[in-house]
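Each chain, letter by letter, is given below.
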Amino acid sequence: MTADNSLDVDAHDSTSAKDKHPAVTLPQLTIVGIGASAGGLAALRSFFTAIPPDSGITFVVVVHLSPEHESMLADLIQSASAISVTQVTVRVKMVPNHVYVIPPGKRLLVSDGALELAELDMPQGPRMQIDLFFRSLAEEHGDGAAIILSGTGSDGAVGIQAIKEHGGLILVQEPKEAEYDGMPRSAIATGLVDAVGPVVDLAQRLVAAKQIRVTYALPEDAELLSAESQDTLSHILTEVRTRTGHDFSDYKRPTILRRIGRRMQLTRQRTLTGYLHYLRQDDNEAQHLFHDLLIKVTQFFRDSEAWTTLEKTVIPELFANKTSHDTVRVWTAGCASGEEAYSLAILLLEQATFLNFGGRVQLFASDLSHEAIAHARTGIYPAAIAADVSEEQLARFFTEEDSHYRVCNELREVVLFAQHNLLEDPPFSRVDLITCRNLLIYLQREVQAKICDTFHYALRPNGYLFLGSAESVEGITDLFQVIDRHHRIYQRHTGEHEPRVLPAVSIRPEGKPLPARTQLPQRMRPAAAEIHQLRLEEIGPPSLLVDTNYYVLHLSESVGRYLVPRGGSPTVEVLQLVRPELQTGLRSALNRAIEQGKAVFVPPMLVHFDNAPHLVALWVRPVPGGAKQLLVLFMEDEEASVEGVPTDTDRQHAAIVQQLEVELLQSQRALQEFDENYETTLEELRAANEELKSINEEYRSTLEELETGKEELQSVNEELQLVNQELNAKMDELSQTHGDLQNFVLATNIATLFLDRQLRIMRFTPGAAELFNLLPTDQNRTITDLRPKVQYELLESDVRKVIANLTPVVREVLDVEGRWFLVQVRPYHTLNDRVVGVVITFTDVTASKEIELERQASEARFHQVWETTSDAMVLSDAEGIVLAANPAYFELYGYNAEQLVGQSFAIIFPAEAQKDAIEQYKHIFASEVNPLAPVFESRVERADGSQRIVETRMSFLSAKGQRTAMLSTIRDITERKQAEQARVMLATIVQSSGDAIVSKTLDGVITSWNAAAERMFGYTAEEAIGQSILMIIPPELQHEEQEILARLRRGERMDHYDTVRMTRDGQLIDVSLNISPMRDAFGHIFGASKIARDITARKRAEEALRHLNETLESRVHERTEQVRQLVTQLTMSEQEERRRISAILHDDLQQRLFSLNFQLAMLRRSLAGENGDDAQQLIHEIEEALDESVQMTRSLSVDLSPPVLHNEGLAAALLWLASQMKQQQGLAVTVQTDEGLPLIGDDLRVLLFQFIRELLFNVVKHAGVSTALVALAYEDAQLRIEVSDQGQGFDANGEGYQNSQGLLRITRRIQLIDGHMHVDSSPGGGTRVTLQVPLQGRMHPGS
Amino acid sequence: MPVLLIVEDNAILANTLVRFLREQTDLTVAAVAPTAQAALEKLANLTVDLVLVDVALPSMNGIDLVAMLHEQYPELPCLMLSGHTGIEYVGRSLAAGARGYVVKSNPQDIVKAVEHVLAGKIYLSEELHRKS
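The listed protein sequences derive, respectively, from chains Z and G.
For the record, in the first sequence the residue sitting at position 411 is 410 according to numbering that gives the first Met the number 0, with numbers rising by one throughout.
For the record, in the second sequence the residue sitting at position 1 is 0 according to numbering that gives the first Met the number 0, with numbers rising by one throughout.
Simulated from the structure, these hints should not be mistaken for lab results.
Ideal placement from N, C-alpha and C gives every residue a C-beta, glycine not left out.
Hints are not guaranteed to be accurate.
Reference excerpt, derived from the structure (chain Z facing chain G, CB under 8 Å, subset only) [unchecked claim]:
no.: 1; residue: N1156
no.: 2; residue: R1193
no.: 3; residue: K1260
no.: 4; residue: H1261
Take the sequences, apply the hints, and build the full model.
Here it is, written out as structure tokens:
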């Protein structure tokens, strides 16, 4: 709360016209923030059901919503509420009588009377939306209210502090009613909550408080209160003081009025008088008000800039010049719930760590509020402090507990908390730094000055003072100099010489709380005893009353003459007042009286006054009744005075007296000096005493805390004792269990090993020790470090697997001695079901393992036989139901296991035979005699209908003398039967074969000899068998046999081995041999079969045929070549002929005709003028005829053999041809030729030219068009010529084409030069004729 | 009186032509060469005003001869005489340096051609004009 809160004037103000003045700001309750989380929906619904639609309040609901899901919250609240509810989606101006709901994944802020959305900074971190919203609400609308409803965690607990600090109301749902009490309890723990109750109550209180606000307000300034109200206010403060022992009269009035106003609002009191009445009536209200008056809200590192400055400029200075024997002493005054003190301690410890400071750090934290101190001592703060404290600091100085943070011991031990009244109790002393933030502002200015004095006293020279942001010492005291004005850091002036005076702060008797409603002592009338005393005094000797400080408390009327005033300041000290002669006697008397506590008499002393000597005796006695007061009586002996008249002897005496007096005077001076020294010492002692008081205060605080600690320790001790007893009982139980287990382990002889999660050995049994060579010292060693006897390489991975999956692993392992162990690795569950390791047991299963292995081997052997035998086997019971059958069985019958097993074996028989089969089976099964191996041969039908011949053997399985099953072994003998047949057939064939068939061993010894062999070679079978095969081989070919045998051994077979063999009578015959190696069942070659055929006749015929063939072929070849040459010659001679004719025409005939022309010209000239016109005419005719002849011969010559073709080449010739066609036939021919066209030989060139001309004439004759295309291309050593037109075309497969002489001629001739022609034409579709001619070897270098 | 060299392998035609020119024109034929080789030899000792060259000659043809002559005697005009009317011969002849091309048909045409060429003009037979 700051002092400069704006004033608020309310038109509907006040019931009292006298109090109509600027009002203190009371919670307007315009905006109410509601924080809720788990279980909050029900609470919200019932809350809003109880809120009337015209409450005039704006509600903002902040809950923790999953950012991933849409929220229905607004709709759900709306259904229970009469007020309209909206979920905030954009910035929205708040209006009264409306509920705003936070959307998922965002946080809400208040800004300029509007709600704004912001992103969540830490979506994964602790949820703090409520705190953040409340803080923002507090800044903007401090006069609102915060309501905390059901929820886990502690969100909101920090935010409500901000609200409270700004003067808002805090309401919390009753934790017992809340579904989850985490948030309500955290909020209540702050001690700032105004009301706790069921939500419906909260709603009603809120509405009621809002209405109070509307009808009442207090003035801002107490001066403006009426005298009556002033009086009431004093009464209220007095009431608080008597009830709580704390006096707030020095606090600023506006603050007090504001706080009282808040209480009035909550207690629904409309006048101060009413509230005073309520305060007196209600036992707790004084405490509530006291509490409210003390409200101080802090947070860690509040006003962080100032703290940073402090950390940078002041903290290092505190450690400067300190050794490890020194202590850094710091005092946080008004520490409230401890945040400020811990913040400071954190900085100090960090600095100490940084400097490696060896000395101590001591922080005193004091506050007036006992509750605040208790809270601070626990050191528990909501999770939201994470926003104020850095991560490193959180990690180092706090431990996380549930949703709270607790300060760690290191931090806690540095801080001493004490309940302490800054205004009344002696301060701590020799302090390096005092922080006192936001406390002075609540106090009146004079009191501020006093506190500054106190701080000045408490600080060491150069010590620092750190105040709140709105506080200052400037203008209050000049004891401090400014270090940082902005951040309120001050330093004590260095003046060491200044008196260390404890300021007189203690201006009232130490407040001890009076019993409730005790009346203040009233001034009473004088009592009778007092009157009596006064009278006695009138007649008694003069007397005075002093206290133990020798201060005069009371004088009797006549005592004045024994007193004499001294110079200097007036004093009431009796020794300074009495006549000097009496001073010494009185001092010692008073001392003795105080020490001994009884009356002391001082004999008469000579005192001169009133111009006469007087003998005065003193009587000092303590006042009875324990009061530290003493009564001093002055008694004068009148007679002694008379007796004292001088005589003669008196004169002697006088001399003596005079001398004595001189001595006395000297003594008195000595005494006076001593007195003065004494006074000085006394003053010093007093100062020391005051310091001791400060130290004492410190000890008192420490003691208090120690006592608190002690009590805690005692209760903890008691608990511990109880726990100890329980533990003892458990221990007994455990040792019993342990003994049992020990015996059990030994008895079972199962080697057992306990490992923790790091695979360290925690415990093991003797058996395990033996297996792993473990010694007791191996405990805690890692299992993988050991070399066990068991061969268990997977141990480590198994253990890790079990720890990871929690599923046991079972294995069998072998040890070096050949023993088998069953290993079981199981997770080790503690009683609370945590897995802390594994238990590994090793059970010796060698015996059973051997049996098992043997059984497995046997089983494997059986299985192998069963699976692999080619004999079908089937096991069936007495009824013929198939129990099992092997793969060979299924294969034999073509059924599978599903079809057969569990069924009668008979289903493999045809339906009509099944019944018989079963009966026969049963008969055999039941027959007494055990046929050792009955064998049946039968024919069976497979599933696919094919037939097999089988041989069946039966045997019986018995148990306890009873037949239980029959094992039938069925062998498929179909092949064997077929082979037998084949052998018979083969023998017949061999015998009847026309070829000699002989077999022999690899040594060449004949082993068989058929009838044809007898005939071919002339030896009978009897003669030949057993002889060497060499006997039929001619001597010169004997080497062949070696070669044949060698090839046979290599497994080769020889077909059509044509050679010569010899008969018995020496005749040689041509034979063709087929020799094959013969192999036994294992594939080994043991001999050869040899088929010999007499091929003498065939051989001759073949020779003749081959000869004929060759002749024929060479002839065909020759002819073909001849034809080719002929064709070429023909073409060439045709050309030659053409050229010859052409040459004749050109060279001879033409020249002749030309000459004739000349001669005629000359003739005409010679005839001119002689024989008239007839001759002329005739000659003219001749001339014309000649001319025509010349023309004709010329064109004939060219046509027959275009000179360009011979001189230029095909392409040029084609261009010429094109011009000819255009000129003579009117056909426009386009010629396309490839660039890379090779030179073509003379003959071929002529031929191709003729083809093209022929084709172009065809176009002229048949196509009926005036254009044609000739294209020449050369590719892949082939010349490709295309002649095409767009004319009417023809059916290329029809007769017209067949009959075309031109095309037929080309076809025939082009084939002679290995080329071919392709015609592509259809009626109406034009014609394309393609000629392809290979040019290989036909290209001439030139022509 | 302009002097001509005639290069013509056909003796009949050559004689007729010589007689015709002597009797009917005022042109003088200095010599007749039956081959190109002979023509070159004659020209080594003769000075002529014009060479009349038959296109079809044995061994070296008339066009090649004209090319040589045009190189050796750039001022000496050559006139081609040919039985061929192919336009390609005409082109090649003119390209080789001939000043005219006259087709063997009408004797008067030859005379006209010689006169034109001697007058410094290019002459082509009328038949050729018709064709092209």
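So, going through the hints one by one against the coordinates:
1. N1156: Result: holds, 6 Å to nearest chain G Cβ.
2. R1193: holds, 6 Å
3. K1260: violated, 25 Å
4. H1261: This hint is violated: H1261 (chain Z) lies away from chain G, its Cβ roughly 29 Å from the closest one there, beyond 8 Å.
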